[in-house]
Amino acid sequence: MSDDRFEEFLREAAEHYHVPPEIPREDMWIAIAEARRRSVRRTRRPDWRIWGVGIAAALVIGVGIGRISVTSRTATPMAAASAEDDSDIPVAYRVATADHLGRVEVFLAGFQADAREGRHVTDVAPDAHDLLATTRLLIDSPVSDDLVLRDLLEDVELVLTQIAQYAGRPNSSELGLIDQSIDQRSVLFRLHSATDAAPAGMPYQGAL
Amino acid sequence: MDDRSLIAGVQAGDPGAERLLYDRHVDGVYRLAYRMTGDADLAREYTQETFIRAFERIEQFRGEAALGTWIRTIAGTVVLNGLRKVKRFRQREVELDEGVAHAAAPRRAEPDLKERLGQAIEDLPAKYRMVFVMHDVEGYTHEEIGAALGMPAGTSKAQLFRARARLREALSEFAGEWAS
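Chains as they are written, first to last, in our numbering: chain F, 5 to 212; chain R, 360 to 539.
Hints may be right or wrong, so weigh each one.
[Said to hold, decoys possible] Not close to chain R: a few residues of chain F, all C-beta gaps over 12 Å, as computed:
hint, residue
1, P146
2, D150
3, H196
[Claimed, not checked] Derived list of chain R stretches under chain F, where covered just means 3 residues or more per stretch with a C-beta under 8 Å from a C-beta of chain F:
hint, stretch
4, 392-404
5, 410-417
Hint data in this document are derived by calculation from the structure and do not stem from the laboratory. Cβ coordinates follow ideal geometry from the N, Cα and C atoms, glycine included.
Chain F on its own, in the form it takes in the complex:
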């Protein structure tokens, strides 16, 4: 049997692979237009990223002053070492990530507690979508150079995706799966560890 005959057979047979249905052009166009409008509104609104950059700038100045003061007085190796930043992640991203992980921890802890008490948790979609969008931004940022952090963010992304989907079509079995997802990957524990390891004055540095 020749390659040509196989290729011909394959091309004919593969035409039936995932044959696209009628294309929902108008529905998609409306969704695209809405997403772009939301994006424009978001960029016009001051958000946590701007605060993060401000905090980062303040931290950089603070660390700079600290270094000058330490050098002029004792300049011990320990003091110099503590002022060093051994992470490759820019400080603005670390601050933004720390802030975000703290928010996610609060959100997931509240969601899980409500779910376990059998309360209706259908009004969480906006928060879940907002946190999901920020999580994805961070996954696509230099923060992902830290493999541990990327792994945590990807698990957070999956759980938030489940919650966002659940909020659109609530059912109790899905709620159970979300609860299991949070527990199975120790998401809350890892979030707590990441945010709890922060020394005073540099929120969450070391964990990040």
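Got chain F sorted already, so can you dock chain R onto it with the hints?
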């Protein structure tokens, strides 16, 4: 309206130009997304994401490639990234359900050629599958595929060769279908 005028219109924020760009390219993007996912919701999501990104980045488009190629590049990235996430998501669902699934696994009839081919294509690595779908199903040339996926045309050819070899192996018990 030619591509250059169309791009200028979109860059200037002309809604008519935006819609025209969408109309010209939406079918190709959706078809590729659907062929790759087999899921109408995912195909829709990836198509929307492709155009949202295209409109966001149109200012950066300098015309080094054709507009269609540029949009297919975005679509390829969106679809491959999306499939990676879906794969991880489904793996997690399998992990959660594995006890139930093992207990309740039904006996299946022997799959026919169409079903086996579909499964064999699904089992290809995502990049091979993308090249196979683009070339053998959607009819793109290796030059177009290479430009869209950011690789030389020769690499596209090599990946298609490997994809076909894997499919041939997976379908070996049906060899009579193409030998006759």
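Results of checking the hints against the structure:
no.: 1; hint: P146; in the structure: holds (18 Å)
no.: 2; hint: D150; in the structure: holds (19 Å)
no.: 3; hint: H196; in the structure: holds (21 Å)
no.: 4; hint: 392-404; in the structure: holds (count 8)
no.: 5; hint: 410-417; in the structure: holds (count 4)
Of the numbered hints given earlier, the model fails none.
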